[in-house]
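**Q** Quick mapping for you: the protein sequence lines, in order, are chains S and D.
When we follow my numbering, the leftmost residue of the first sequence carries the number 386, and every step to the right adds one.
When we follow my numbering, the leftmost residue of the second sequence carries the number 386, and every step to the right adds one.
Don't take each hint at face value.
A pair holds if it fits inside one copy or across any two, identical chains being indistinguishable in the list.
Quick list of in silico lysine to aspartate or glutamate cross-link-like pairs, EDC-like style, CA-CA up to 16 Å [unchecked claim]:
no.	residue 1	residue 2
1	Lys842	Asp703
2	Lys785	Asp675
3	Lys449	Asp859
4	Lys720	Asp559
5	Lys842	Asp420
6	Lys720	Glu812
7	Lys720	Glu491
8	Lys825	Glu878
9	Lys842	Glu421
10	Lys825	Glu582
Keep in mind the hints are simulated off the structure, nothing from the lab.
2 protein chains.
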Amino acid sequence: MNGAESLIRTLVAGGVEVCFANPGTSEMHFVAALDEVEGMRSVLGLFEGVVSGAADGYARMAGKPAATLLHLGPGFSNAMANIHNARKGHVGMINIVGDHATYHMECDAPLASDIEGMAATVSQWVRTSPGPEHIAADAAQAVQIAAHDQIATLILPADASWGESPSGAAAAMDLAAPPRVSTESIERAAAMLRSGEPALVLVGGCEIDVELGLMLGQIGAASGARVCVETFPTRISRGAGTARLDRLPYLAETAIETLRPVRNLLLIGAPAPVSFFAYPGLPSMLPADDCRVLALAQPGHDIHHCVQGLLMQVGGADAAAPVHSLELPGLPAGKLTAVSLAQAVAHLLPERSIIVDDGATTTPPLYAATAGAAPHDWLTLTGGSIGFGLPCAIGAAVAKPDRKVVCVAGDGSAMYTIQALWTMAREELDITVVVCNNRKYNILAAEFSRTGARGGKPGPRARSMLEIGCPDMDFAALASGMGVRASRADSAEAFNEQFAEAMVTRGPRLIDAMVPAHSVM
Amino acid sequence: MNGAESLIRTLVAGGVEVCFANPGTSEMHFVAALDEVEGMRSVLGLFEGVVSGAADGYARMAGKPAATLLHLGPGFSNAMANIHNARKGHVGMINIVGDHATYHMECDAPLASDIEGMAATVSQWVRTSPGPEHIAADAAQAVQIAAHDQIATLILPADASWGESPSGAAAAMDLAAPPRVSTESIERAAAMLRSGEPALVLVGGCEIDVELGLMLGQIGAASGARVCVETFPTRISRGAGTARLDRLPYLAETAIETLRPVRNLLLIGAPAPVSFFAYPGLPSMLPADDCRVLALAQPGHDIHHCVQGLLMQVGGADAAAPVHSLELPGLPAGKLTAVSLAQAVAHLLPERSIIVDDGATTTPPLYAATAGAAPHDWLTLTGGSIGFGLPCAIGAAVAKPDRKVVCVAGDGSAMYTIQALWTMAREELDITVVVCNNRKYNILAAEFSRTGARGGKPGPRARSMLEIGCPDMDFAALASGMGVRASRADSAEAFNEQFAEAMVTRGPRLIDAMVPAHSVM
C-alpha cells in the first residue's frame with residue numbers, strides 16, 4: 386500500500402467520506418488511490434475556492450468534516466478565502482495539499498512555494514508528512530483536529546504519497562467529547578442574570594439547533610434577559626416551531642443601540658461584540674463602557690450542556706419560550722425588490738430547506754420574512770469574505786441530498802466563485818441559486834457615503850469601482866454555459882412562478898433576480 | 386491630504402499609472418481619493434486573481450509595474466496564485482492591501498487575518514504602514530522594489546488611509562539602474578564557450594527582445610554553443626526577423642536528452658534547469674552529472690549589457706545570427722485540432738500582436754507554428770499556476786492599447802479566472818480569447834499514466850477528476866453572459882473565419898474552439 390492509499394484509508398476510518406478536490410500532478414497518486422480504496426466520494430471543483438467553500442457547507446450540515454484536495458501552494462492560496470470563512474465559523478476541515486517530493490523542494494521549481502507559511506495563516510494545525518510511514522498517524526491527527534471544529538492542513542510531498550507505507554492501516558483515533566463548562570461558572574452566570582440589572586445573552590460559535598434555541602428562549606423568559614444570536618451564526622434552525630431569538634445587528638450604530646441599556650452581557654460561544662469594520666468616531670468594542678462582560682463558554686465547548694445547566698440554574702425548565710408560529714407572507718405582486726423577493730421565498734420555502742446566505746445587502750429582508758416560514762436551517766457568511774455562498778450550497782447539498790438548498794447570493798458575491806455552478810450540474814445537486822442582480826457592490830456604495838468624501842457622493846472613478854453593471858451580467862447565460870437550468874425574473878410575478886417551480890423540481894436551478902439596489906443605511 | 390491621497394500621489398510620481406482593483410470597505414478612502422488625484426487609472430476586476438494577473442501582464446508589456454488594490458487577507462489570498470506566477474517570472478508588482486484600523490486589529494473582527502504572514506509567502510518586501518505620515522515613504526520604497534522586478538506588498542490600515550498625512554507629497558525615489566555583471570565573469574564565461582567542449586547557453590529571467598535574441602544568436606554562431614531560452618520565458622519577441630532560438634523542453638525526459646551531450650552549461654538569468662515535477666526514477670536536476678554549470682547573470686542583472694559583453698568576448702560581433710524569415714503555414718481545412726488551430730493563428734496573426742499562452746497541452750504546436758509568423762511577443766505561464774492567461778491578457782491590452790492581444794487558454798485554465806471576461810468587456814480591450822475546449826485536464830491525463838497505477842488507465846473515480854466534460858462547458862454562453870462577443874468553432878474552416886474576423890475587428894472576442902484532447906507523452 387502506498388502513502389496515498391494509507392491516507393485515504395485513514396480518512397475513511399475517521400468518518401471522512403467526502404473529498405472536494407481540484408488536483409494536479411503532485412496529487413495524482415491520491416487520485417489513483419481513489420479507485421483502490423472504498424468509501425471516499427470525490428467531488429471535483431473547477432476552482433479551489435469552490436472546493437473549500439463546499440467543505441465548509443458540508444461540515445456545517447453533516448456535523449463532521451470533509452477533506453479538500455489541493456494542488457501545491459497556488460491551489461491552497463485559491464482555497465484560502467473560504468478556509469478563512471470556515472475558520473471564523475468554527476467549522477472543521479481537513480486540507481490535503483500535495484507538494485513536490487521532499488528531495489525536489491530545494492530545486493525551487495516553478496510551482497515551489499512556502500505552503501506551510503500560507504497554511505499557518507488560516508489553519509490551527511499544519512504538518513508536512515516527511516514520508517509514507519508517517520501518513521497514517523498524521524492523517525489521524527488531522528481528523529481529530531477537524532473533529533474539534535478546527536482547520537487541519539496536511540501537506541503531502543509526492544514521494545510520501547507514492548512511497549510504500551509499512552504501517553498502512555489507519556491509526557486509531559480518539560475523538561474525545563468537547564470539554565464542558567464547570568458548574569461554578571454556570572452558577573456565576575446565572576447569578577449575573579438573576580441580579581435584576583438589564584442583561585443580554587449572546588450566543589454563537591456553534592450550531593444553534595431547535596432544541597438549543599428553545600432552551601435559550603426559556604432562559605430569556607425565566608430570567609428577563611434578552612437573548613441574541615451572534616450577527617453571523619454558522620448554522621441556525623429557524624421558522625415555525627423555533628424560538629424567537631433576536632440577531633445582533635450588523636451595523637455598528639444599530640448594535641451599539643441594542644447594547645446601550647445592557648449592564649450584564651453573558652457570552653455563550655460568541656466573542657464580545659465588535660464593529661465589523663472600524664470607522665472614525667465609532668468605538669470598536671460595542672458594549673457600553675459600564676457593561677460587565679462574562680464569557681461563559683468558548684467555541685468548541687459543549688454548548689448544549691452549558692445552556693442546559695444555565696437553564697436549570699435560572700429555574701427556567703418550565704418556562705415557555707416564545708416560539709414562532711407558521712406565519713407566511715402573501716405572495717407579492719408588482720415590482721421585484723429585496724422585500725418582495727423575500728416574501729416569495731418565505732411563502733414558497735419547503736420544509737427542511739437549507740438557506741445559504743451570501744446576499745450582503747439583499748438578504749436582511751429575507752431573514753425577517755422567513756422568521757415564521759416552514760422550518761429550515763440558515764447558514765451565514767461567518768468570515769466576511771464574499772463568494773462563499775455557491776460553494777457552501779454544494780457542500781450542504783452533498784451532506785443532505787434529501788433537502789432543498791436555496792442559495793441567495795448578491796451578484797458581486799456570486800462572481801467570486803461562479804465556477805460552483807458547474808459542480809452543481811455535474812453532481813445534479815438539489816440547489817436553487819437566486820442571484821440578486823442589482824448591478825452594484827451595494828454594500829460599498831453605503832460604505833462610501835460613510836467616508837464623507839465628496840459629500841458622500843462618489844466621483845466618476847470611485848463610482849466605476851462600486852457599480853458592476855456596464856456590461857450587465859446575464860447570470861442565466863452564465864448558468865446555462867455551465868449546464869444549469871436558468872431563467873431571469875423581472876417582476877414579482879415572474880419570480881413567484883420561477884421560484885415555485887424550482888421548489889417542486891429536483892436539481893440545480895438558477896434565477897437571475899433583477900432586484901434594484903436599495904439604501905441600507 | 387489624507388493618507389490614501391498621499392499614497393496615490395506617491396505612486397503616480399513613481400510612474401505607476403494603473404491600479405487593478407477589487408476594493409472593499411477598508412479601501413473606501415483609497416477609492417474616494419481616485420477622484421482627488423489625477424493620473425491613476427483604476428480598472429475593476431470581479432475577482433482578485435483577475436486583478437493580480439492583470440498587473441502581471443501589464444508590467445510585462447509596459448516595462449514598469451502596476452498597483453493592485455485588494456481587500457484585507459481574503460482579497461489578498463485570492464490574488465496570491467497570480468502573484469506567485471509574477472514572482473516566478475521576475476515581474477514587479479505593488480500590492481496595496483487594506484486592513485482594519487490599527488486599533489481595531491486586536492478585536493479579531495470577522496475579516497481580521499494575518500495579512501503579513503500571507504504576503505510574506507509571495508512577496509520580496511512587505512510593510513504595514515503604521516500611520517498616514519509613513520505612507521509616502523513606504524509607498525516610495527514599494528515602487529523601488531517593484532521597479533527591480535520584485536513583489537512589494539504594502540498593507541494600509543484604514544486609519545492610516547483616512548488620517549491626515551503631514552508629509553503629503555510623494556517622497557523622492559531613487560530608481561537605480563540594474564547591477565552589471567563584471568568583466569571578469571564575462572571573460573570566464575567566454576573562455577568556457579571557447580573551450581571546444583559541447584556547450585549550451587540558457588537564457589531567462591528577463592524580457593528576451595529582438596535585439597537580445599539576435600545577440601544570443603550571434604553568440605551561438607560564433608562559439609558553436611547551442612542557445613536555448615528557458616522553458617517559460619516571461620516575455621519573448623518571436624516571428625519573422627527574430628533569432629532562431631531553441632526552447633528548453635518542458636518534459637523532463639526530453640530536456641534530459643537535450644542536455645545529455647552538454648559539458649558546459651552557461652546560465653544567463655535562467656536558473657539551473659530542474660524537472661517541473663519530481664518523478665520516481667527521474668533526477669530533479671536535469672544537466673548531466675559531468676556537466677559544468679556557470680551562472681553568469683541573475684534575474685535583475687543588466688542582461689543586455691552582459692550578453693553584449695559576452696558577444697564581444699567570443700568575437701561574434703560580425704557573426705550572422707540565424708534568423709526566422711516570414712514563413713506562414715497555409716490555412717488549414719477539415720478537423721479542428723491543436724495543430725490546425727495553430728496553423729490558422731500563425732497564418733492570420735497581425736504584426737505586433739501579443740500572444741498570452743495559458744494553453745497547457747494545446748499550445749506547443751502553436752509555439753512551433755508561429756516561429757515564422759508576423760513579429761509578435763509571447764508571454765508564458767512562469768509559475769505553473771493555471772488561470773493566469775485571461776487576466777494577463779487584460780494587463781497586456783491596458784499597457785499596449787494599439788496592439789492585438791491573443792490569449793490562448795485551455796478550458797481548465799480559463800475556468801480559474803473566467804471573471805476576466807467581464808473586465809475585458811467593460812474596458813473594451815482589444816483581446817481575442819481562444820479557449821481550447823477539449824473537456825479534459827489533458828495534462829493530468831498524461832501525468833496519471835506516469836503514476837503506473839492501474840496500468841496507466843484511470844479507474845472511474847480518478848477519471849472523474851481528470852475529465853471536465855459532463856456537463857460540457859459552453860464558453861460562448863459564458864462570454865456573452867459577461868458582455869463579450871463569442872462564437873463556437875467546430876471545424877478548421879469555422880475557426881479560420883472567426884479568427885480572421887477577430888483579427889480585423891477591435892474589441893473583446895472569444896472563440897470556443899472545440900479541439901479534441903491529444904496525447905502529449
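**Q** Hint by hint, note whether the structure agrees.
**A** Now for the hints, and whether the structure bears them out:
{"no.": "1", "hint": "Lys842 - Asp703", "in the structure": "neither (55 Å within a copy, 65 Å between copies)"}
{"no.": "2", "hint": "Lys785 - Asp675", "in the structure": "neither (45 Å within a copy, 61 Å between copies)"}
{"no.": "3", "hint": "Lys449 - Asp859", "in the structure": "neither (36 Å within a copy, 35 Å between copies)"}
{"no.": "4", "hint": "Lys720 - Asp559", "in the structure": "neither (56 Å within a copy, 59 Å between copies)"}
{"no.": "5", "hint": "Lys842 - Asp420", "in the structure": "between (59 Å within a copy, 11 Å between copies)"}
{"no.": "6", "hint": "Lys720 - Glu812", "in the structure": "neither (34 Å within a copy, 32 Å between copies)"}
{"no.": "7", "hint": "Lys720 - Glu491", "in the structure": "neither (62 Å within a copy, 44 Å between copies)"}
{"no.": "8", "hint": "Lys825 - Glu878", "in the structure": "neither (24 Å within a copy, 41 Å between copies)"}
{"no.": "9", "hint": "Lys842 - Glu421", "in the structure": "between (61 Å within a copy, 13 Å between copies)"}
{"no.": "10", "hint": "Lys825 - Glu582", "in the structure": "neither (44 Å within a copy, 65 Å between copies)"}
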